[in-house]
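Colleague: I would like the entire structure built from these sequences, with the hints used as guidance.
Protein chains in written order, with my numbering: chain A, 1 to 328; chain B, 1 to 457; chain C, 1 to 456; chain D, 1 to 317.
It should be emphasised that the hints constitute simulated quantities derived from the structure, not laboratory data.
Since this is a predicted model, take the numbers as computed values, not measurements.
All C-beta atoms, glycine included, are put in the ideal place defined by N, C-alpha and C.
Keep in mind that the hints are not guaranteed to be accurate.
[Stated by the list, open to error] Derived DEER-like restraints, expressed as beta-carbon distance ranges:
id	chain 1	residue 1	chain 2	residue 2	range
1	C	Lys-410	B	Glu-206	18 to 26 Å
2	B	Val-36	A	Gly-248	17 to 25 Å
3	A	Gly-297	B	Val-36	40 to 48 Å
[To be verified] Below 30 Å or equal to it, Euclidean Cα-Cα: the simulated DSS-like pairs (lysine-lysine) are:
id	chain 1	residue 1	chain 2	residue 2
4	D	Lys-179	D	Lys-224
5	D	Lys-6	D	Lys-81
6	B	Lys-248	C	Lys-410
7	D	Lys-142	A	Lys-92
8	C	Lys-410	B	Lys-208
9	D	Lys-279	D	Lys-224
10	B	Lys-248	B	Lys-208
11	D	Lys-179	D	Lys-81
12	D	Lys-81	D	Lys-142
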Amino acid sequence: MLRFRQFTALAALAAGESLRQPIFLLLSLTCVAWMAALPVVLMHKFGEDGKLVREGALALHFVFGILVTGHAASWSLAREMRGGTAAAVLTKPVGRDMFYLAKYAGIVSVAVAFSVCAALATLLSERVSERFVADPVLGGYVTDWNTARMVFSGIIVSLVVAGVLNYRWRFPFQSSGFGLLAGMLLLTFIVRGQFDIHGRLSPMLWAYDWRIVPASLLITLALAVFAAIALALSTRFPAAPTVAACCGVLLVGLVSDYVFGTAASRSFAAATLHRVLPNWQNFWMADALADGGVIPGWYLLEAATYAGVYSAAVLALGLTFFRRSDVG
Amino acid sequence: MLSRITALAVLAMRAAVRSRVFVSTMVALCVMIVWVPLNVRGDGTAAGQARILIHYTLALALVVAGTGAVWTSCSAVSQEIESGEIRLVAVKPVRAFEVWAGKWLGLMALNSLLLLLTAAVLCVFLFFLTRSSWGGDGPSTVRERVLTPRRMYEPVSDAVTEEAFLDEFTRLREEGEIQPGVTPESVREPIMQRIMARRAAVGPGESKHWTINVPAGAMAWAGERRKSFIGFRVASASWAGRVHGEWKVSSPAADGEWTVPATDYADGYHMIDLPGSLLPDGGAVVVTYLNGSRDESDAAVFSGKPPVALLVPSGAFAASLARTLAGMLSLLAVLTALGLCAGTIFSFPVAAFASFSMVLIFLLGRYQGASSEPLPPDVGFMMAFAEGVGLRMARVVNMVGGPVFRAVTIAQLADGLAVPVSRAVLSVLFLAGLYPTALGAAASLILSRRELGERGK
Amino acid sequence: MTRRWTWLLPLVAVLLFAAAAERNEALVAMRGRMGPGSGDVLRNAPPLVALTTVAFGGLRGLVADILWLRASRLQEEGEYFELVQLADWITALEPRCSEIWGFHAWNMAYNVSAMMSDSEDRWRWVRSGVELLRDRGLTYSPSDPKMYFELSWLFRNKIGHPLDRSHMFYKHRWAEEMSVFFPGQRADWPAILASESLSGRLRREYRMDPEFMRQMDSDYGPFDWRLPDSHAAYWALRGREAAGRRGSLACDRLLLQALVSSFLQGQLVFRPEEGVFLTTPNMDIFPKVVNAFEEAAAMHGETTLPVAFAGFVREATLILYTFGRREQAQAAFNIMRARTPGATGVSGLEEFVSVNIDRALKNANRERVVVYTEGFFYQGFLWLAAGDVDKAAASDEMARRHWDSYVSAKPPESLRQLALPALDDVRRHAYGRALIDLPPALAQKLRDAAGEGGQE
Amino acid sequence: MEPAVKTRGLTKVFADFWCRPRVRAVSGLDLDIVRGEVFGLLGPNGSGKSTTIKLLLGLLHPSAGSVEVLSRRPDDVATKKLIGYLPEESYLYRYLTARETLDFYGRLFDIGARQRAERTEQLLEMVGLAQAADRPVGEFSKGMARRIGLAQALINDPALLVLDEPTSGLDPIGCRQIKDLIVALAKRGKTILLCSHLLADVEDVCDRIAILYNGRLRAQGRVKDLLRESARVRITLPSEAAGPEEKLEEEMRRRFGPEVEVGHPVIELESFFLDVVQKAREGHEPDSGVGHEAGVPEYLRETAAGPYVPRGGGGEC
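Modeller: This is how it looks when you write it as structure tokens:
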């Protein structure tokens, strides 16, 4: 029981630390605003409406998620190890394993919080995107401007309210800003769910492209794996090289299928690399949504297993490093 | 003061080199400027490849060095404030602007180094391109068309007069093409386009002439080996995409006349060699085109901007390259100043984020300017308001950011056009001088007013 | 943290990695099973495409947009030197956008090739355009009719039309390439299908299905596969197939154009060593073209197809008549009448021909000039075989006059580009055709009257 | 004599993002440091010592009141030429070597190349880092970093030397050297502002001290004056001259009455300091820095044996 309390306390601390970083709020805001701007800014949609917005938003989720988790993982552990904060905690009756795993749990919860925001914004922005509707009443190209308005105002409202909360009751601006942003997105999501894309009231219609949800879930899983890798790397390197190494892992993992997968039958080394490197393509299924495709539930389950096992493996490796690393 | 600034500049260079960002930038740059131009697919001609080489090598160097410049400059001040190192400097007899200038100069020295490296690599590539046995036109074209910078002299503009516009408007109304009640202002744009289009076309058997004023001293560089050209862009109104025509060039001052025999011109850009002796050193040159086609549909359309131009050799390629590099360096100077300024106000991640966002906003401002499309009418008040605010902001952004990007003359250099001294001087004065001074003054003020006593604040 | 645990942990890590590797393999296999057109596209994509589509993130659309803007601007300015690379990148960013592939291929085949002075260089770029669509574009969007349309367009208009100054060079080179598979005017399908090397090469190198081609020959042909029009028809037909039940009006239009063109010049006399490249009408496919028009009209309903159909039948009537195929000409005339009652304004076939032939001759373009000239020569040989020397001379005279009037109206440089066949070659072909068409006795008479080779 | 440092009503209030006052670190401080003296600034943690120093150095800007350092504003560049500052922590460039560090700071003072080199060598010698002159500062231990920090503070032969906790992190030998240095510099007429909570150091070297508590000045004056109890007189004799202590005590009691005590002198500054702080606390003012200490918590008393040690006290040497 004590261990559990310690664990939750440490994890909450790690998550809170990250949430209070100004860069976290900045990244989340930019990501959401960018997603919201996608359907408005893009002009050459190259034929397929919604697809570009959907893929763009999912990719933004992935890229900004990587920035968020990478920053959280590398800065919290690497900095604490050098700044002496980790030493202060570890001289208490807290095991290194516990400390490390709690950090991971904290970072993953940050990634999940971010992902919830990003997924909501993706759903909303896909809905806004211009599409051709052959409706007996309202034909032609339709853009759901009301939803766009609500998303943009939500961003502004959450910032203003966070400012007021900070001024009046000294709430921390960053974390309350993020919370409000998530809240406003959720509110928009619920309210717009009661309207169709022409803006006509039709309760409980929920006219969203629900196929996006599993794709977002997969990206969240990828972020969890990425957090484990970044954390493992930051046991050995300071923040900047960790970020560089993470970029390397990201790129290599992305081309793993193409470079190592195709050569796997010929070369043992390629086959080994293909197996051992994190295969991000497993989590990038935006292409499966093209032409009305869906991501089946069993695939999601399998991918979750892969993410869990892979994260566990990386965590075990990172823990091995962390046990031997000098702290303080 | 100089000694202090030098010491700080050297320190900034050391810090940048130590932070590995510079080293990675250097490595990335080396890899890219060697790898990318070799792998860019051109149109198969040596001249095209040379243009791509120049364009891509320099543009890539600008992107990589610019990214590195923003990154290192953001960290230069913000990291020192965060770690407290700046305190020991602040209590020394150093003014805030000296700290700023030292950092800026140090980073600029590194930027210059990167650009010099790029220029060296580019020159090596170009040297091999002029020596290699490329298929078709080969190295001589590269030397002739790309590596001999030319000044472009445009014809005296024949702007549409108000009278011509009103005549056309009246005519169209009489013909019933314009409804009664429509004001001239509301149809000004399409009518102007109509008139311009009509003027741009030369029908079969017709001819058109342009007068180009050549300033005195313009011919200093022209000679047997460095030919002058007439460049024109022609499109055929017919499906065949070819027109048949004859060119005549005469200069009343030099009392010379010279004719190019009738030839077939495909749609596109063409250049005709002119004998160097023909053109006067100062005075008017009249260029005449005669459409020799017999087919009724073969109208030749000169829609380029300018439709016809005189291209006269001006200066050496190295000089143009140096001026282009000066323009690039000026842009880097602004970026570095921007990063330093952001780093003075914010912590590193926020500063980096803010600076890159600024750069992105300026770039998007250009992009939006290039492709502004009216909003659909049914968007309502909020969106229209947002659009209005957005447009105004875009205008401001373009006003501030426009000169920054105009300093970059890579495209001209690649197109074989001379980069005038005045432009290089202007960009150096304006960009490397005015912008960094303004940003530096702001940053110094902030730095001197900022309380450096508290860690991480 | 006991000592035992310290060494156990790396072991656990290794075991977990092994388990993860096994899961990875399963996932990769699963993605493979989810079929093409989904994750598979990126799985087969080169690293650049994989990286840009995923790593470029939300910037992807924007970057493609910006590159597209630059490409459009360069194209407006007539600057093509960089377009190939730009289009390459845009296709990497948006690999499944047929518009881009079409634009890219068009640039290579039309704009870049036009900058080359050498025909060989020009042909290389035209081919690159074809290969880009066929070998790369179709990999990403195998079910997009637009891609087939673009491909068919290149065969029909870039290689088939006489607009390019090197068009004869293209036609020669393509015919030479295809002669490996089709040495004569008709394809020997049993032999090709039996030969693994031939049919395999068609599949691998040209991405063409021999079985489909054979079927096409019997449905719409026979075709002379050495001619670009046959390939235009092939790809248009594949596009129609890809469109499925929706159909593709654009592909059907191209198919019909290619078929009409095959009717006009669908047979090739090709003797590269002598420089002979003579196309002549393939009148056997007339009923099949009619069927194709009707099929398309049934599928697409009210369109401009009937206009094109009327034009075709009108022309076919004249040509068939010129070549002495009275029955077929009559059939064509009847169709025309049934379709547009009263529009002809004449009582019968004879009157129709006599009223319209002059106008047709006056407005004839390159391919029709060759067709009609050959037709008149052919008529002349028929009269000669029948023993009417006057009428034979009149027809011969008609052919020559018509030819001369066409040639003299053209400025020399455009004649060069048109690359008309030698008049003698046309005449010789008409003679050969007459010998084949006439019964043996009359053929012998013709031989006697004209002398071998058609020389009088 | 002209003051080296003069503050009048110096106040520093830290504000939050919305510019509302958050912490009053220094309030109404009147301080006069005479040229040529060694001045000690004392006070418990959070009493405003460091803030005062940063205000004097121009690192912070006063919210109210005035500061004059060497008769000029503290952020005037001419002032900074005459100041040397040893910060509480190492703020040195980690990637510069010890020699480069000194050279760099020397350049900031526009010292000529030859003189810079000379001074660098001498200072390295002085702080005992001649052996490690070419190692990057980032690799130094805390004590070594303090030493190089001290060296950089002296590179310009400053007229006013500000030392923030100069002996923290140093070994006993280093502490001794610092004290000797301070004495030597004082003899040369330099003004030294010393901030420390090691009362023994302060008592040893300072001419005058000021005690801050909660941002206010609680006591200021010459050390001897402050510690002298005018109501009582202390006689110090060498032991051998006085003979056995009991005998002396008897003799004195006989002459002056039973209140006479005889014994060795104790460290009196500490009790003086605690006394000042205690008095300030009794004023019940709202506190900004360290709160009212309630002595040792109850749960610690059961096990902790030994004398009460206030948290401000106790140091490395």
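Colleague: Please go over all the hints and tell whether each is borne out by the structure.
Modeller: Tested hints:
Between Lys-410 of chain C and Glu-206 of chain B the Cβ separation comes to about 21 Å, which falls inside the hinted range of 18 to 26 Å. One distance hint, 17 to 25 Å for the beta-carbon pair Val-36 of chain B and Gly-248 of chain A, holds here, with the actual separation near 20 Å. Here the CB-CB span from Gly-297 of chain A to Val-36 of chain B is close to 44 Å, well matched to the stated 40 to 48 Å. Pair hint Lys-179 of chain D plus Lys-224 of chain D holds up; C-alpha atoms about 18 Å apart against a cutoff of 30 Å.
Under the criterion of a C-alpha separation no larger than 30 Å, the hint pairing Lys-6 of chain D with Lys-81 of chain D is consistent with the structure, at around 18 Å. Of the supplied pair hints, the one linking Lys-248 of chain B and Lys-410 of chain C holds, its CA atoms being roughly 25 Å apart against a limit of 30 Å. Taken as a hint, the Lys-142 of chain D and Lys-92 of chain A pair is honoured in the structure, with Cα atoms around 24 Å apart against an allowance of 30 Å. With a C-alpha separation of about 24 Å, the suggested pair Lys-410 of chain C and Lys-208 of chain B falls inside the 30 Å cut-off, and the hint holds.
About 20 Å separates the Cα atoms of Lys-279 of chain D and Lys-224 of chain D, which keeps this hinted pair within 30 Å; it holds. Taken as a hint, the Lys-248 of chain B and Lys-208 of chain B pair is honoured in the structure, with Cα atoms around 10 Å apart against an allowance of 30 Å. A threshold of 30 Å between alpha carbons decides the hint, and for Lys-179 of chain D with Lys-81 of chain D the separation of about 24 Å falls inside it, so the pair holds. The suggested pairing of Lys-81 of chain D with Lys-142 of chain D holds, with an alpha-carbon distance near 27 Å, which does not exceed 30 Å.
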